[in-house]
Amino acid sequence: MRAPSAPVPEDVYASVRSHLTRSLSNPFLTGGDLKATHDALGSVPREAYRATLERMDRDGLLSAYVSRMDAPSRQAFLEQAASNGVLSRRPGDVAGPLGMPGRPEIFVNDPKLPSALRDAVNAHATDSGRATVVAYDAYLQRHGEAVAQAGSLQALRALGPPQALELRETSLGLSWSDPRRERYEAEWKAGLGRPRHSLVQAYATVSARAQVLSGERPAGAFLSAEVSAAHDLLHFKSEAHASARGTTDVQTQAGVAAKAGPVGLEVMTDAHGKTETQLQVDLGIASVSRDSEGKVELSLGAGSHARAHATLNPRTAEFGGGIAFEASDKASQSHAGLKLGYGLRGLPPERAIQAVRGDIPGLFSRPRDLDPGVSWDALPAERRALYERQGWTREEWARDSRR
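When the letters of the sequence shown are read in order and numbered with this note's numbering, they come out as residues 40 to 442.
The set of hints was computed from the structure by calculation and includes no laboratory data. This one's a predicted model, so the numbers in the text were calculated from it and none came from an experiment. Treat the hints loosely; a few may be bogus.
[Said to hold, decoys possible] Here are the simulated lysine-lysine pairs, BS3-like style, with alpha carbons at most 30 Å apart:
#1 K276 / K334
#2 K378 / K276
#3 K334 / K298
#4 K228 / K151
#5 K276 / K298
#6 K334 / K313
#7 K276 / K313
#8 K334 / K378
#9 K313 / K298
#10 K378 / K313
#11 K298 / K378
#12 K74 / K151
[Claimed, not checked] Label pairs and their computed distance ranges (CB to CB):
#13 E421 / G254: 16 to 22 Å
#14 H270 / P200: 49 to 55 Å
#15 P353 / G254: 15 to 21 Å
#16 D410 / A260: 37 to 43 Å
#17 P136 / D309: 38 to 44 Å
#18 P353 / R405: 32 to 38 Å
#19 A349 / A170: 48 to 54 Å
#20 L409 / A194: 17 to 23 Å
All C-beta atoms in this analysis are idealised placements derived from N, C-alpha and C, irrespective of residue type, glycine included.
Work the whole structure out from these sequences, hints included.
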């Protein structure tokens, strides 16, 4: 049984009525009216506070008061009501790593509360939920920035996977028999908003960074530009790839080329000493080439100084096309070219097979070989090589096997 309440202070109630009732002298509720009402309610004795709110609700004053509140004034009002024993709280969760927000603290929306007070409680829950969504969006951004700065697969694994935000309407704690449950839950969901970043994008960022740290190019769309120059048998070219994820890599090569009739052979070496060969068959308006990396290119003339090309590389799962501009001087046997292209990159065959194999752990999964305590040296050579490609080392394996 609720303790009997004291009578509503008439002088305070008269002050509240004067600030919340529209008249010729006060046609609009102002911020000053809200503050004066809040101060007046703050002077109400604790034992009379609930009775005051209930009377205000019956007279329509509480609805007028609540409807004009912004988030800070609503928070202050509900804190005042809680301090006077009218409201109770539903505790939230603490923030996690990288500021991952927990479930927000809200006030319990008891059906026995005054009607307008219930509206204020739900509006505050919506404010708290919206702030949590904004905080979650900032968390996803921080996680992406930390992923981009990870210098090794071990550092990437230490960050842990991006977390999902569990924010459901059940967190409001409304009972199924509550006649206002559907309306409050709908208002709450509509007011949350959506983060700009998504969990799917966060995982894609992790996957792309893991590929880069493994020495692979990440999947997705890319743009390419190649500048080439040749004089007699000497050839030089520099190629840049820019992916849609913001990564860029540049490769410079130099070498020699020879041609006999329609068949040409080019041998190029990059700055790391890696040699690449390309065989080309030139049929005039059309030409076909294949290099030692598996890339096949078909090009067609599109004027005296331009050619359109399409490329396919099954090894690296790349497909694309573009246009090339060429200029040559037969007298000096010089040649210059600019090739612009675009393409899509997927998973190479080996990575695609690994993605569907159930015995291969993901980046954040614990290898099942750790559970029975298999030592690093006892692993089969093929499996140890697989773990090494995922960034595992002998030291990390020994440390985790002791957990």
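Worksheet item: CB of E421 to CB of G254, is that within 16 to 22 Å?
Response: With a Cβ separation near 19 Å, E421 and G254 satisfy 16 to 22 Å, so the hint holds.
Fill in: Holds or violated: K334 to K298, with C-alpha atoms at most 30 Å apart
holds, 20 Å
Item to complete: Hint says 49 to 55 Å; check whether the CB-CB distance for H270 and P200 agrees.
Response: holds, 53 Å
Worksheet item: Is K228 within 30 Å of K151, Cα to Cα?
Response: Since the Cα atoms of K228 and K151 sit roughly 23 Å apart, the hinted pair holds (cutoff 30 Å).
Fill in: Pairwise hint evaluation, K298 against K313, where the allowed Cα distance is 30 Å at most
holds, 22 Å
Discussion item. Please verify whether K276 and K313 have alpha carbons no more than 30 Å apart.
Written reply: Between K276 and K313 the Cα gap is close to 14 Å, so the pair holds against 30 Å.
Fill in: 30 Å Cα cutoff - pair K334, K378
holds, 16 Å
Discussion item. With the threshold set at 30 Å, check whether the alpha-carbon distance from K276 to K298 stays at or below it.
Written reply: Holds, at roughly 18 Å.
Worksheet entry | Satisfaction of hint between K151 and K74, Cα-Cα up to 30 Å | holds, 26 Å
Worksheet item: Do the Cβ positions of P353 and R405 conform to the proposed distance bound of 32 to 38 Å?
Response: Cβ of P353 to Cβ of R405: about 33 Å, so the range 32 to 38 Å holds.
Practice prompt. Check the following: the C-beta atoms of P353 and G254 are separated by a distance inside 15 to 21 Å.
Written response: holds, 19 Å
Worksheet item: K298 and K378: Cα distance at most 30 Å?
Response: holds, 21 Å
When each numbered hint is compared with the structure, no violation occurs for any of them.
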